[in-house]
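Here this note's numbering is used: the sequence shown runs in plain steps of one and ends on residue 1435.
Honestly, the hints are just simulated from the structure, not real lab data. Incorrect hints may appear among the rest.
With a straight-line cut-off of 25 Å between C-alpha atoms, the simulated DSS-like cross-links for lysine-lysine are [unchecked claim]:
(1) LYS1235 to LYS1270
(2) LYS1243 to LYS1271
(3) LYS1271 to LYS1235
(4) LYS1307 to LYS1271
Cβ pair distances, simulated, as ranges [stated by the list, open to error]:
(5) GLU1394 to HIS1328: 30 to 36 Å
(6) GLU1394 to ALA1229: 33 to 39 Å
(7) ASP1380 to GLN1312: 28 to 34 Å
Cβ coordinates follow ideal geometry from the N, Cα and C atoms, glycine included.
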Amino acid sequence: MSDDTNNAQAVYAALTNAIIEQALPPGTKLPEEVLCKQFQVSRHIVRSAFQLLAADDLVDIRQKKGASVAEPTLEHGRDVLRLRMELEDIVVRFIVGKLTKEQADQLRASVEMEHRYVHTDHALYMRHACGFHRDLSRLSGSSTLQRYLAPLLSQSSLVLYMYGRPRWSSCNIDEHMAIIAALEEGDERRSRSAMRMHLEAMFERAFTDAIKDETAYLADVIAKYAGSP
1207 MSDDTNNAQA VYAALTNAII EQALPPGTKL PEEVLCKQFQ VSRHIVRSAF QLLAADDLVD
1267 IRQKKGASVA EPTLEHGRDV LRLRMELEDI VVRFIVGKLT KEQADQLRAS VEMEHRYVHT
1327 DHALYMRHAC GFHRDLSRLS GSSTLQRYLA PLLSQSSLVL YMYGRPRWSS CNIDEHMAII
1387 AALEEGDERR SRSAMRMHLE AMFERAFTDA IKDETAYLAD VIAKYAGSP
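Between the sequences and the hints, there should be enough to build the whole structure, so can you do that?
Right under this line is the structure:
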């Protein structure tokens, strides 16, 4: 792998982490000159990193306007979580009955870090909350599954930033612990149910208020015209 490719991957990884941890909110502009100076790389390398990020739907690139962090629509956000439900169900089926005590302890340690940072450091909380799901996909042993799931996990951070309730993260920790317990017991039905309930609850916490707001806005607009001839 060439130095340029390695450098582009490094810029891509750093920006992906910043987006996952919600340090770069949706819509944030990403000036090339700033990134070139920060990473001490050429514009060509920064643009290559942008292409990788765009392929993951994390960055929008517009001609003459440059790159900015993506702003997923409500419908795109729904699609992301629907696809996660299907893929993470497969992850659970790959893992259940094979999780070692050491692996379960490592997963619990990750969730404990979520608990430590949930009210004190949002970026570190997001790192460990997303890391929990990445660790599960890694434990599946399927590189193909990891490749398809990874961008959806990253996109979820943007979706939750835009549409999640103020305390959308409050229940994640208990739900993650329930998934670990079910996997450790080797109960496939319970494990799949725990994962689906977690993602459905996250779906609910992310989108219920947004849907209500969207409906209320539509009602306000229609009300102005309902009485018109």
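Here's how the hints hold up against the structure:
1. LYS1235 to LYS1270: At roughly 13 Å apart (the allowed maximum being 25 Å), LYS1270 and LYS1235 satisfy the hint.
2. LYS1243 to LYS1271: Roughly 19 Å separates the two Cα atoms, so the pair holds.
3. LYS1271 to LYS1235: holds, 9 Å
4. LYS1307 to LYS1271: Cα-Cα ~51 Å, so violated.
5. GLU1394 to HIS1328: 30 to 36 Å: Given range 30 to 36 Å: holds, Cβ gap about 34 Å.
6. GLU1394 to ALA1229: 33 to 39 Å: holds, 37 Å
7. ASP1380 to GLN1312: 28 to 34 Å: Because 19 Å falls outside the window, the suggested range is violated.
Of the numbered hints given earlier, the model fails hints 4 and 7; all others are met.
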